[in-house]
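Chemist: As given, the protein sequences belong to chains A and B, one line each in that order. For the first sequence, the working numbering gives the first residue as 42, with consecutive numbering after it. For the second sequence, the working numbering gives the first residue as 42, with consecutive numbering after it.
It should be emphasised that the hints constitute simulated quantities derived from the structure, not laboratory data. Some clues are possibly wrong.
No farther apart than 20 Å at their CA atoms in a straight line, the calculated lysine to aspartate or glutamate pairs in the EDC-like style are these [stated by the list, open to error]:
no. : chain 1 : residue 1 : chain 2 : residue 2
1   : B       : K524      : A       : D440
2   : A       : K265      : B       : E451
3   : B       : K275      : A       : E329
4   : B       : K441      : A       : D535
5   : B       : K265      : B       : D535
6   : A       : K524      : B       : D437
7   : A       : K412      : B       : D518
8   : A       : K414      : B       : D437
9   : B       : K265      : A       : E451
10  : B       : K113      : A       : E263
11  : A       : K66       : A       : E95
12  : B       : K497      : B       : E481
13  : B       : K262      : A       : E95
14  : B       : K275      : A       : E369
15  : A       : K113      : B       : E263
16  : A       : K414      : B       : D440
17  : B       : K383      : B       : E329
18  : A       : K383      : A       : D437
19  : B       : K265      : A       : E369
20  : B       : K441      : A       : D527
21  : B       : K414      : A       : E329
22  : A       : K265      : B       : D437
23  : A       : K275      : B       : E329
24  : B       : K441      : A       : E413
25  : B       : K524      : A       : D518
26  : A       : K524      : B       : D440
27  : B       : K258      : A       : D535
28  : B       : K140      : B       : E95
29  : A       : K412      : A       : D527
30  : A       : K262      : B       : E95
31  : A       : K542      : B       : E451
32  : A       : K262      : B       : E263
33  : A       : K258      : B       : E451
34  : A       : K441      : B       : E413
35  : A       : K228      : A       : E367
36  : B       : K542      : A       : E451
Quantities reported herein were computed from a predicted structural model and do not represent experimental measurements.
2 protein chains.
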Amino acid sequence: MAFRIHSAVFIPTIIGLGTDAQIAKWVPLAKDYRIIGTYAQTELGHGTNLRGLETTATFDTSSQDFLLNTPKVSSIKWWPGDLARAANHAVVLAQLYTKGVCHGMHAFIVQIRSLVDHSVLPGIKIGDIGPKMGFEQVDNGYLMMQNVRVPRENMLSRYSRVTSDGSYIKEGSDRINYISMVFTRVKLISRELIPALSKACVIAIRYSVVRRQSELKPGEKEAKILDYQTQQQKLLPQLATIFALYFMSLSLEAFCNQVNLQIKTKRDLSSLLELHALSAGLKALASESCSAGVETCRRACGGHGYSMFSGLPSLYSRVVASCTYEGENTVMLLQTARFLMKCLARLDCGQPLPQSVSYLSEPISSYCSAKEKTDFFKPFLYTEAYKHRAQRLIKDSGDKLQSLLQSGVEQYVAWNITSVQLARTSVAHCHYTVVKNFVEAMEGLKPEPEIQQVIKRLCDLYALTGILANAGDFLCDGYITGKQLDLLTSSQLDLLALIRKDAVSIVDAFDYPDQQLNSAIGNYDGYAYQHLFEWAQKAPSNAKVDPVYEKYLKPLFQSAQSKL
Amino acid sequence: MAFRIHSAVFIPTIIGLGTDAQIAKWVPLAKDYRIIGTYAQTELGHGTNLRGLETTATFDTSSQDFLLNTPKVSSIKWWPGDLARAANHAVVLAQLYTKGVCHGMHAFIVQIRSLVDHSVLPGIKIGDIGPKMGFEQVDNGYLMMQNVRVPRENMLSRYSRVTSDGSYIKEGSDRINYISMVFTRVKLISRELIPALSKACVIAIRYSVVRRQSELKPGEKEAKILDYQTQQQKLLPQLATIFALYFMSLSLEAFCNQVNLQIKTKRDLSSLLELHALSAGLKALASESCSAGVETCRRACGGHGYSMFSGLPSLYSRVVASCTYEGENTVMLLQTARFLMKCLARLDCGQPLPQSVSYLSEPISSYCSAKEKTDFFKPFLYTEAYKHRAQRLIKDSGDKLQSLLQSGVEQYVAWNITSVQLARTSVAHCHYTVVKNFVEAMEGLKPEPEIQQVIKRLCDLYALTGILANAGDFLCDGYITGKQLDLLTSSQLDLLALIRKDAVSIVDAFDYPDQQLNSAIGNYDGYAYQHLFEWAQKAPSNAKVDPVYEKYLKPLFQSAQSKL
Chain A
42 MAFRIHSAVF IPTIIGLGTD AQIAKWVPLA KDYRIIGTYA QTELGHGTNL RGLETTATFD
102 TSSQDFLLNT PKVSSIKWWP GDLARAANHA VVLAQLYTKG VCHGMHAFIV QIRSLVDHSV
162 LPGIKIGDIG PKMGFEQVDN GYLMMQNVRV PRENMLSRYS RVTSDGSYIK EGSDRINYIS
222 MVFTRVKLIS RELIPALSKA CVIAIRYSVV RRQSELKPGE KEAKILDYQT QQQKLLPQLA
282 TIFALYFMSL SLEAFCNQVN LQIKTKRDLS SLLELHALSA GLKALASESC SAGVETCRRA
342 CGGHGYSMFS GLPSLYSRVV ASCTYEGENT VMLLQTARFL MKCLARLDCG QPLPQSVSYL
402 SEPISSYCSA KEKTDFFKPF LYTEAYKHRA QRLIKDSGDK LQSLLQSGVE QYVAWNITSV
462 QLARTSVAHC HYTVVKNFVE AMEGLKPEPE IQQVIKRLCD LYALTGILAN AGDFLCDGYI
522 TGKQLDLLTS SQLDLLALIR KDAVSIVDAF DYPDQQLNSA IGNYDGYAYQ HLFEWAQKAP
582 SNAKVDPVYE KYLKPLFQSA QSKL
Chain B
42 MAFRIHSAVF IPTIIGLGTD AQIAKWVPLA KDYRIIGTYA QTELGHGTNL RGLETTATFD
102 TSSQDFLLNT PKVSSIKWWP GDLARAANHA VVLAQLYTKG VCHGMHAFIV QIRSLVDHSV
162 LPGIKIGDIG PKMGFEQVDN GYLMMQNVRV PRENMLSRYS RVTSDGSYIK EGSDRINYIS
222 MVFTRVKLIS RELIPALSKA CVIAIRYSVV RRQSELKPGE KEAKILDYQT QQQKLLPQLA
282 TIFALYFMSL SLEAFCNQVN LQIKTKRDLS SLLELHALSA GLKALASESC SAGVETCRRA
342 CGGHGYSMFS GLPSLYSRVV ASCTYEGENT VMLLQTARFL MKCLARLDCG QPLPQSVSYL
402 SEPISSYCSA KEKTDFFKPF LYTEAYKHRA QRLIKDSGDK LQSLLQSGVE QYVAWNITSV
462 QLARTSVAHC HYTVVKNFVE AMEGLKPEPE IQQVIKRLCD LYALTGILAN AGDFLCDGYI
522 TGKQLDLLTS SQLDLLALIR KDAVSIVDAF DYPDQQLNSA IGNYDGYAYQ HLFEWAQKAP
582 SNAKVDPVYE KYLKPLFQSA QSKL
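If we strip away everything but chain A, and leave its shape as in the complex, we get:
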């Protein structure tokens, strides 16, 4: 754990922003762990707005050094991983000043601790930022600097450098480095968010087939709680969300790789903005729905969801942090919205649109054609509904901005007083993207009809649950009527029962392991539920102990991976 930032950020930053000479000097030292690095960017008073960072690096021509300073409390570097205990070097992001002029944010390699006895060097203060929600094991530190000197060669200079007389020279664009930020965000979805929701879902669904509560049918044994419609309504849409996001992340990663290739082979940055906008919005949507989903799973386990043994409290505190890190969600949604508004302007000028928003130029259907409840199991029908909603919200936001500007409101005010609507607009755009992608992935599974049937139900459930949760958006212009919404509600409830029934033959073979636990009652140590949950959290390997995984997750993940 101690060297995660060292390998994942410190070294890649030097490789990305350093000259060949700098890479040759520092990377071998770091790879051999002769130096341990961290990455110091965020400040106590500055996160998402990088331009607002207050740490300074001022070039002193006489000594050929940079003087690094954190002049105010709000400029203290705050959060860097591995800083408080492990690191002896840091890549520090600071405002560069030469000849009294500020040239914006640049990166500097700063030694912060002695390589002999690990003592903190003069002019530097380092400490731990204190206890956090979850992440108890992570070493997050703060860093203060007063006239700390580093030689001129320590400014990472692949894209800009300072000459010995203090002249500032820019060489090419560093926009290329945005790709790594985007990659981090995309990997977050597949490596952190989806696994968190998957684990929570498996734990909660298994709990719900072994836990019994109250009589459902009078006089019979207490019912498995998964047989209560309210419990199905909590858990099964989470199962559907896992797959929606899983297929989305596959497509997003493919897009990422394609853009990366364009950049690497052709220095073509033309798709970077689109990728940034799409990944920002999807990161917000995915972290929001995975966090809410994990918490729903946790609470669906009743009192036992509060036991740390369930694994659920720590899953929540870990996953919810993703709503804030790697770009705070509201900021992310507004960045996507800015892109959408630019695309709308391009559309108005008759210019071609990037692929992910090309639907904006498609005709807007004005009403939903559903006549009976089974119509809502037609992917085309609900995909159209999501498309209509996204189109309408994007155009409404554009119209509102336009009319404010035309009435003389300043641009920044107009943007601010439209921002609640803009954030919602981005969600609608991302939501449509995910549904459309899910349908395409599902249709790609045609050669395996059994798998497709299961995935199809989850796809339907994802789409219909989303419409119900945002019913106002679909009803307000009459696209869906109240009567249709009743049909849709009924379809969604039918799906819950179908998915429960799908799983019933396997899941029901599997019951509360009374016997096993009761046989241990003689030397029971109060940790029965710990054992139960440990077993519930086991890596799925055996069909008999893992029906949900066996039925849904395993074949689908395998198949999906081989298909896409």
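For chain A, the structure is supplied; the task is to place chain B on it using the hints.
Modeler: Okay, now just chain B, sitting in the frame of chain A:
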């Protein structure tokens, strides 16, 4: 902390369920702390469904003892407070068996530890249930019993007793004791939920006036984050919720006292069911909105909301547990729904309705009369909308149940497959009750027009935000049209700006205490934010450091308390 259950539950239970002789014997011992008690009801596999408890107390005529047993893992007593470390006695809830017949759940006083050396007595196993989310300091234990004997006199026998030959005799009804469960739930709202959301709100709003982020107007200083519309949209509705629930809890407590008086003076239990149903639903609504609100406040503080120093993570983990304890929320909502369905049946038979649901017999307005956006600042107008929604959902649920039963579906199946809708129906009923009550409380403030103006805006904000969040319910039958919803959206955003502006003169005098903190930078110990948050969490006493409280909370709370 160690004796909370001892005083709050153990002693009151003996007083409530014991005979005069039992009270005379046990209560003085407990009050002098010569015995320490706990209350053992919930089992590992049984929570809300009390009838499902599996612990047994079997009467042995030959020895005149009860034999207490936890025969299965799922019957182990689980969660009792003060049990794992402090208690030496427990009131144990168990199924009573005499002459081979089960008489249902009864309470028994069981000594569990030695009064000499605190060792656990023979046949008993006690332990800690392990780490939990939050509540680290609370001593929650488990209890297993194998043939533990207690004398016949230890069954609490105010309402039923066992004679020496094993005959079971019931004396009167113990329904009267439900009132204490209801009281607990009502006090939970005023003593736990509202204070939690109030604290979170004060912390987050203050943070938002000292924290700056990004330029709003190009070239100007970074903006206070409370000036972003998206931040206002997150926080100000929480402020409104505090007042909505505060006024509601005053009314609910008054109702509670009235019912209690009826029971005490006239043994009149006729309003108990209504009170139970209302308090159950409102507990669910309040715990849900306070938990969601605290988490919204926490996340609105960005990275710093993850610092334990902000006070927000622990506020969340404490408040969210209230969604599960004192009656799991879904179960609570369905209990309210059962009452609503009964009332609907009474209505159909022309019988009078309890006061809290009397609106069911009022005519249903079929459309909203709003023509311009200021119409949505008319309390009558939005109260009617909430009333219409509740009326419609209650009748729809009743119709669905009826038509299922008529088509031959069994009662329990019909109930289960309507339960998602029934839970939503209860929410709509409670939501209407809260809005109506808020309006009435606000109108009672007429003699103080300045206070009324502020409360009025918060009342409007609460009502309109709730309509937007549940827009589908209001649009689906055309009660509110899409055009009206646009006006309403616009009114709600206007309110955000007005409430922000209201507070601006005082709040803006108050800025990030750079100077104070920077003067301490010489001996800065990394806890600047801890100080900041400590100061933000201070008990409000001074107008200058506590503008939000001074402007809104203090006068309103004072005035409200004197008025109602």
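Chemist: Each hint: holds or not?
Modeler: Going through the hints against the structure:
1. B:K524 to A:D440: This hinted pair holds, its Cα atoms lying about 15 Å apart.
2. A:K265 to B:E451: Roughly 19 Å between the alpha carbons, so the hint for K265 (chain A) and E451 (chain B) holds.
3. B:K275 to A:E329: holds (15 Å)
4. B:K441 to A:D535: holds (15 Å)
5. B:K265 to B:D535: holds (19 Å)
6. A:K524 to B:D437: holds (13 Å)
7. A:K412 to B:D518: Answer holds: K412 (chain A) to D518 (chain B) is near 17 Å, not above 20 Å.
8. A:K414 to B:D437: holds (18 Å)
9. B:K265 to A:E451: OK: K265 (chain B) and E451 (chain A) at ~19 Å, within 20 Å.
10. B:K113 to A:E263: With a Cα-Cα distance of about 15 Å, the restraint between K113 (chain B) and E263 (chain A) holds, given a limit of 20 Å.
11. A:K66 to A:E95: Violated - the C-alpha atoms of E95 (chain A) and K66 (chain A) are around 29 Å apart, more than 20 Å.
12. B:K497 to B:E481: holds (11 Å)
13. B:K262 to A:E95: holds (13 Å)
14. B:K275 to A:E369: holds (14 Å)
15. A:K113 to B:E263: Given pair K113 (chain A), E263 (chain B) holds - Cα atoms ~15 Å apart, limit 20 Å.
16. A:K414 to B:D440: Given that 20 Å is the threshold and the Cα spacing comes to 19 Å, the pair holds.
17. B:K383 to B:E329: violated (25 Å)
18. A:K383 to A:D437: holds (14 Å)
19. B:K265 to A:E369: holds (16 Å)
20. B:K441 to A:D527: Holds - the C-alpha atoms of D527 (chain A) and K441 (chain B) are around 12 Å apart, at most 20 Å.
21. B:K414 to A:E329: violated (32 Å)
22. A:K265 to B:D437: Violated: K265 (chain A) and D437 (chain B) sit about 28 Å apart, past 20 Å.
23. A:K275 to B:E329: Given pair K275 (chain A), E329 (chain B) holds - Cα atoms ~15 Å apart, limit 20 Å.
24. B:K441 to A:E413: holds (18 Å)
25. B:K524 to A:D518: holds (8 Å)
26. A:K524 to B:D440: holds (15 Å)
27. B:K258 to A:D535: The given pair, whose Cα atoms are some 51 Å apart, is violated under the 20 Å limit.
28. B:K140 to B:E95: Roughly 18 Å separates the two Cα atoms, so the pair holds.
29. A:K412 to A:D527: holds (11 Å)
30. A:K262 to B:E95: With a Cα-Cα distance of about 13 Å, the restraint between K262 (chain A) and E95 (chain B) holds, given a limit of 20 Å.
31. A:K542 to B:E451: holds (19 Å)
32. A:K262 to B:E263: Judged against 20 Å, a Cα distance of about 63 Å means the pair is violated.
33. A:K258 to B:E451: holds (9 Å)
34. A:K441 to B:E413: holds (18 Å)
35. A:K228 to A:E367: OK: K228 (chain A) and E367 (chain A) at ~11 Å, within 20 Å.
36. B:K542 to A:E451: The given pair, whose Cα atoms are some 19 Å apart, holds under the 20 Å limit.
In terms of the numbered hints stated before, the structure departs from hints 11, 17, 21, 22, 27 and 32, listed from lowest to highest.
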